[in-house]
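A.B. asks: As they're listed, the protein sequences go chains Z and U. Start counting the first sequence at 42; every next residue gets the next number (our numbering). Start counting the second sequence at 42; every next residue gets the next number (our numbering).
If you are wondering where the hints come from, they were derived from the structure by calculation, not from laboratory data. Hints are not guaranteed to be accurate.
You can't tell identical chains apart in this list, so a pair holds if it fits in one copy or across any two.
Cross-link-like lysine-lysine pairs, in silico, DSSO-like; alpha carbons within 27 Å at most [claimed, not checked]:
| id | residue 1 | residue 2 |
| --- | --- | --- |
| 1 | K147 | K450 |
| 2 | K316 | K270 |
| 3 | K452 | K411 |
| 4 | K459 | K73 |
| 5 | K277 | K290 |
| 6 | K469 | K459 |
| 7 | K407 | K270 |
| 8 | K411 | K270 |
| 9 | K450 | K407 |
| 10 | K478 | K459 |
| 11 | K147 | K85 |
| 12 | K407 | K354 |
| 13 | K277 | K462 |
There are 2 protein chains.
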Amino acid sequence: MGEESISNIDLVKNDPSLLRLKKETNLENLSKEELISRVISLEKHVQQLRNVIAKNSASQMPTVIENRKKDKKFEFSKYKRRHVLLKICYFGWDYMGFAVQEDAGKTIESELFAALLKSKLIDSRETSNYHRCGRTDRGVSSYGQVISIDLRSNLTEGPGIFEPEGYTGTNKNIKEEEVNYCNILNRNLPDNIKVTAWAPLSNTKFSARFDCNGRSYKYFFPRGNLDLKRMEKGGKLLIGPHDFRNFCKMDVGNGVVEYMRRIDSLTVQCVHRDKQGEDSPYDMCQVNIVGKAYLWHQIRCIMAVLFLIGEGKEEPEVITQLLDVDANPCRPAYSMADYLPLNLFHCNFDDINWEYDQVSMAYVLKTLQKLWSEHSVKTQMIRSCLEDLEPHSQEQICSQVEHISQARKDKVYTPLLKMQKCPSLDDKILTVAKRRKIDLES
Amino acid sequence: MGEESISNIDLVKNDPSLLRLKKETNLENLSKEELISRVISLEKHVQQLRNVIAKNSASQMPTVIENRKKDKKFEFSKYKRRHVLLKICYFGWDYMGFAVQEDAGKTIESELFAALLKSKLIDSRETSNYHRCGRTDRGVSSYGQVISIDLRSNLTEGPGIFEPEGYTGTNKNIKEEEVNYCNILNRNLPDNIKVTAWAPLSNTKFSARFDCNGRSYKYFFPRGNLDLKRMEKGGKLLIGPHDFRNFCKMDVGNGVVEYMRRIDSLTVQCVHRDKQGEDSPYDMCQVNIVGKAYLWHQIRCIMAVLFLIGEGKEEPEVITQLLDVDANPCRPAYSMADYLPLNLFHCNFDDINWEYDQVSMAYVLKTLQKLWSEHSVKTQMIRSCLEDLEPHSQEQICSQVEHISQARKDKVYTPLLKMQKCPSLDDKILTVAKRRKIDLES
């Protein structure tokens, strides 16, 4: 949306809406002096509106490190580096995902790298030996995300410490204490992204991505009108090694052509009661899933089907049928559940001694408690309004889960196995192959 | 922040920054024709920027009804009108307050009037005989706000129905059923503003503002490290008729020179337990205050002092000392508590039969339950992270109330009665009088 060229008088002259405006405001009747004042006044108003835009959208653009030239003075080569794991907690509902994307706005990684660069812990992303354990999509959160990375060290010896290429340091102890990685990063991160722990890695080939041996997710939801026992009955049928193509969005275009994955455990529990001693639609619940690796949108698809089971619209055994890819090679076109409640809660690694710095811990807990308070006050206020209003309704309304489950609201429910189908894996492979052939030819 | 008066040429002429701008852009060198084009171009640019603001932050610019000329076809004069009360529930944290303000972004009233105009329930704000019961500030919510207003009626007779000036209708029943006021407005309002009930007013002079005989507020907060019994002990001392100048922001400039008000009741309760059977810093509590009329920021000031009492920093009896305006004519400069938890919960009127339309009720409950779910999921997720993280801290961190109480975080606490003081009422009156004298003279 560029500025109109203010020297393009012809364009302005002939625009019918502007001719009307011209007449309406009687600009012709103003003196030159008055017109000049009006121009100045309008230019000021334009600037004020621009300021409003800049202020309003400050949260929509990634933090950019400006004036990298100033950083040239920082002599990274004088320091050794340390291969470490960092455990990162983030609430993703204001972000466009974990991974950096061109022009897509703020991501967790963009904020993370801004903090790493600003605190001079890395020279650049490219030279930092960075690996991430999991990749969460837009709006998804994580309590236990882990990255491995090489950070500047204050010390010359210790687990994980090594001489980087081009090291020009003196090998005498520069400092007594290691950089407080958690604390310095947290001071440079927004409230909704925090480093909760770190661990030195003696094995400098250790990778957060390839050495992770298990990832757990939590999915939070209100009880609403759901039967949790039915949901758990269906959920247990997902345990074990299975072909999960009917429980994900297939990503054949990116080379994903095999869909065997393993779920090690799945539980469904009420974790927070609205009223003591009784079940309520306002109780909060969670599904906890433990596995090794997951397909694209796998948990959200699983939750969508579990919600249908919990609402009584499907039997728990529909899970078994959807896992039978010979009988059912095409995924029914159900909507996947909402992204908001999804949290990559735990990434498991063997033999890691996580260090929880106490100064940083106090700061992180205060920040998270502040965040919790803000949301809890809003939640409680809305709850109080509903408590006063519901008695005036003759019908009991139980819509707490509706927006989360994203289930279609048809008057007559279409069973999963009778729903319209997505293309099968074979069809998708053919489509992608054709498209590539066409690309090659053109 | 109003628009610059574009006819105040002298003001513009003599502003040094504008003189500079004038020279820089060589406006004097342009012809009148060129200046006119520039004005039109800038006016268009202002509109484009307003559209960007509206699009980028859909929640920040008031909904504007465009092309009012099209509405001229709607023949309001053919309909009778009905004097009614509307009960309105809104969550104000995304708004700039209840009352419309020029260029200040979205307010509850701006959205309300947009809906009233769009649904053809009123011809204009000016001719709608509109009164509001209470006026809430930026960020503040209300479950029980009430307005009185004259709406278009489908009927020709019934309680509150009258012939407006210029009525040209036929006095035969136009329709069988009254307009479903709640439903039609709610379909045109955002999720966080809803009309919950309406009532016809046989007495066409009935005013939501002047005929209200009591207003109650709720203030929601977490238990944190607060002693609720201490808070209630202090709170009870506020009951009765008192001079509350030390519990408000004085508004002498707007003519408020007397500060006697009456609080009829005040309670402090835990309304939601984090864990069954035991007190927890994560319990949610509320203060409920019933009175007739209030001073500016009175509840937020009361809460600030109650929080200091609850934290053990002040004795409950400090309330009595602050109500003794002879001994303490100047308010200690304590920060008032946060706006987020404040809710104008109930506005009381005698002999009103509120009507809760069931279709509208179902829609409102679904909307509020969806809002509740979104906030509850976030709250529960953050709670789960804290639950996992807190055991790693050697120190127990109890900061849940900090941001809400807005209490200063000095290393050594300064007691209220020893704090720096705000000017006394007499001093403020003198200041305002002097300023007015200067204005009159200039």
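A.B. asks: Which earlier hints turn out false for this structure, listed by number in ascending order?
C.D. replies: 1, 4 and 10
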